[in-house]
Amino acid sequence: MDQTLTSGRPEVASGSKTRHFLRANMREYGILIALVVIMAFFQFATGGILLRPVNLTNLVLQNSYIVIMAVGMLLVIVSGHIDLSVGSVLGFIGALAAVMIVQWQVNFVLAAIVCLAVGAAIGAAQGYWIAYFRIPSFIVTLAGMLVFKGLTLWLLAGQSVGPFPPTFQLISSGFVPDLFGAEEINLFSLLVGLGFAVLLLYLAIRTRRQEHKRGLVEEPFAIFTVKNALIFCAIAYMSYLMASFRGLPNVFIVMALLIAVYSFIANRTTIGRRIYAIGGNEKAAKLSGIRTERLVFLTFANMGMLAALAGLVFAARLNTATPKAGLGFELDVIAAVFIGGASMSGGVGTIVGAVIGAFIMGVMNNGMSILGIGIDYQQVIKGLVLLAAVIFDVYNKNKA
Amino acid sequence: MSEIILEMRNISKNFPGVKALDDVSFAVRRGEIHALVGENGAGKSTLMKILSGVYPHGEYEGDIVYEGKVKAFRGITDSEREGIIIIHQELALVPLLSIAENIFLGKECAKHGIIDWQETNRRTHELLDRVGLSERPETKVMHLGLGKQQLVEIAKALSREVRLLILDEPTSSLNEKDSDALLELLREFRARGISSILISHKLNEVSKVADTITVLRDGRAVSTLDCSAGPVPEDRVIRDMVGRSLTDRYPPREPRIGDTVFEVKNWTVLHPIDQDRKVVDNVSFHLRRGEVLGIAGLMGAGRTELAMSLFGRSYGRYAGGEAFIDNKKVDLSTVPAAINAGVAYATEDRKSYGLVLDQTIRRNVPLANLEGISNSGVIDRHREGEVAEEYRRRINIKTPTIEQAAVNLSGGNQQKVVLSKWLFSDPDILILDEPTRGIDVGAKFEIYTIIRDLAASGKSIIVISSEMPELLGTTDRLYVMNKGRFVGELPTSEATQEKIMSVIIKAGG
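Top to bottom, those sequences are chains A and B.
According to this note's numbering, the first sequence is numbered sequentially starting from 4.
According to this note's numbering, the second sequence is numbered sequentially starting from 123.
Since the hints were made in silico from the structure, they are not lab data.
Take these hints with a grain of salt, some might be off.
Think about it this way: if two alpha-carbon atoms lie no more than 30 angstroms apart in a straight line, the pair counts; the simulated DSS-like pairs of lysine-lysine are [as the list claims (entries may be wrong)]:
#1 B:Lys191 x B:Lys141
#2 A:Lys286 x B:Lys262
#3 A:Lys286 x B:Lys451
#4 B:Lys605 x A:Lys400
#5 A:Lys289 x B:Lys473
#6 B:Lys450 x A:Lys289
Same shape as in the complex, but just chain A:
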């Protein structure tokens, strides 16, 4: 876990220190607590269905494309912009993949590479107007949304195109192979999951040690222990659950890698630091020697590429490309990022927050569907949750 920690002095007494720290970082822990509470609620309300191995696996598959796009959208929103076109781009890339693979018989690896490149080019084209011509991103991407919705229809000639060859479907319906061939459980998946959990724990402890050595420790020991124990147990338990079904989905691995890489970029690299600076104060960033135009441009190109990746995953999951694919997805993605604590005005937000935000939406969708709540109420409830999350944010900020 790579969290940016901001908080009080080391001198404060231990008990009040913990409380003080929690209050100062309410947002970061609040969102995690909210996810746990929501999951616990649905686990109880659905009589244990939510965390059944089958359903958990489904939950991951269903939300993978939202999570993938949320990672890119977080950077876009942090830089002070927005991208409304991602849903349409996802649909368009799905259609492009279908046309290439199904109709033109192009090799699926080559097709996937072309699709990612086209996605990046679409993002770059939009980013060009936004960054260098200062056309508001809302407008450019609104136009993009219409354009690519239209192009999807045109490309598919209004029809669904499919099915894909089985090898392509593996992107989203495949699982990590079981190398050990145990009877009841995908042992390899379990080991991968456990290994991942151990790695995170090791990194957390190492970072804390280093901070300790330099006297920079801020997070109280109790919180550190509880947080990391929870994360460790959660990952281990999830891996166990999924391993006892068919194993870790391929998409899960892709997602985990993306989250890790983009968290690293956002928190630890100069590029990430600059994007946050641009969102915080573009003029100051520019006068500090940051090439703001180029970074905004790249942020959008990256978003396009991730939308393309999500498009491939989605098409592979449905096993067909439909003209309606991706309709309204941009709203889910943007909602996830805001629930995850990003600020509309830019400069604030974390990758992990956005991912948790996506899963909060996902768990609610899934849980409410299991409970048989109609799509009408589902929309209302999701809308209210988004509003509540942002109100909570603003309230917290004013109080601080």
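Got chain A; can you put chain B on it based on the hints?
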């Protein structure tokens, strides 16, 4: 002696962990100009926020007695109804609306929600006459300079039947002429029985107009000085403000000046929109190692524009000119190129152009030199913390921790963060634009000391300032700029305020 219009009795106000005001009592008579001075953080703004109802009744201890009655203001509307109007340092006008619309915003001359424009314009004319502003009521506020905007704010206050006018740093961004006009206006108000509370860091102005001076320090009212018998010496006021006497407002220095490091020839810049206008016109100058160079001039002379244009063409359209460092021609066409060449520019507007306000000191300090805290693009967070910590100590940024967001710092400390940012980029040539604007006397001295030490360490510094005493106290040599041109050059040892002004006037200022 006239009657007392306002009395604030034993006011105390606590913020979590800080006692912002401690048993402050304060009285204003009808028709006086009462100056409120003190260092940043002394409690001036808090006191005025209590008076105007921003901190409502019940959130503070003590009483506000206004025109003989104890008042319990619950918000700013309550105090405005009583004729108490506050004009903040950051003006609260809507740039896209006209003067008339701004003046009557929220109090439109309307019947049944339909605006009577004739009446609005007629009354606006009247008000503009009273404040001495000759502009059409339809003019959009965005087309006015800061000085005129300030007058619009005052006209707006007049339209609300002001009896007690509170001005928070009204002249901090005005030039001398506009400042004088504003102070003259306060004197007129005094004659009409309108009282003013003037919050200002500019003690020369305070002593020019104030009838009474109240000095706040660390949340207490330390003295109330009566100026009716003649102005109180500035030294006395400063001593009360800082709690010690500053024998010298500028640190002594012995300049060690070397060869020319930076030379600019025939630099010309056009206005970004109106491309027929030369904002900087054929300017040439040079700067020597270890030298502190001042650029004097009135507001709008083109000094900031020159500096920003040199720094990566960040202002206007470049229209010719060359820059040399160590006699070699350098490329200053982008900000990164300028930084690489060893130039740094600390802006006059630190909130909009200098800092990422919501981010921590730790993140602001290395912003112009992220390479210095990273290896192949990966930030070394420990190094980052060490750098921020080092500058916090070296420059004396007063904050408990480098994890503090810049927005929570006082003006002086924000300026120190901006300076730290540029020092960490390790420039040879440092351009400081209004380095002490809006910061208090103690912090100013610290900034001057930093400038002196930098020059002593062999850096070359250009100071742009509208406060002439500051230029005279800190620089070695002065250029005078007027209407985009350099119209004079003189060693600081021979310069006086009068000489500089006469150069400007001779050039047709």
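Evaluation of the provided hints:
Between the alpha carbons of Lys191 (chain B) and Lys141 (chain B) the distance comes to roughly 27 angstroms, so the proposed pair stays at or under 30 angstroms and holds. With a C-alpha separation of about 25 angstroms, the suggested pairing of Lys286 (chain A) with Lys262 (chain B) holds against the 30 angstroms cut-off. Among the hinted pairs, Lys286 (chain A) with Lys451 (chain B) is consistent with the structure: their alpha-carbon atoms are about 27 angstroms apart, no more than 30 angstroms. About 45 angstroms separates the Cα atoms of Lys605 (chain B) and Lys400 (chain A), which puts this hinted pair outside 30 angstroms; it is violated.
The straight-line distance between the Cα atoms of Lys289 (chain A) and Lys473 (chain B) is roughly 14 angstroms, inside the 30 angstroms bound, and the hint therefore holds. This hinted pair checks out: Lys450 (chain B) and Lys289 (chain A) have alpha carbons roughly 26 angstroms apart, not beyond 30 angstroms.
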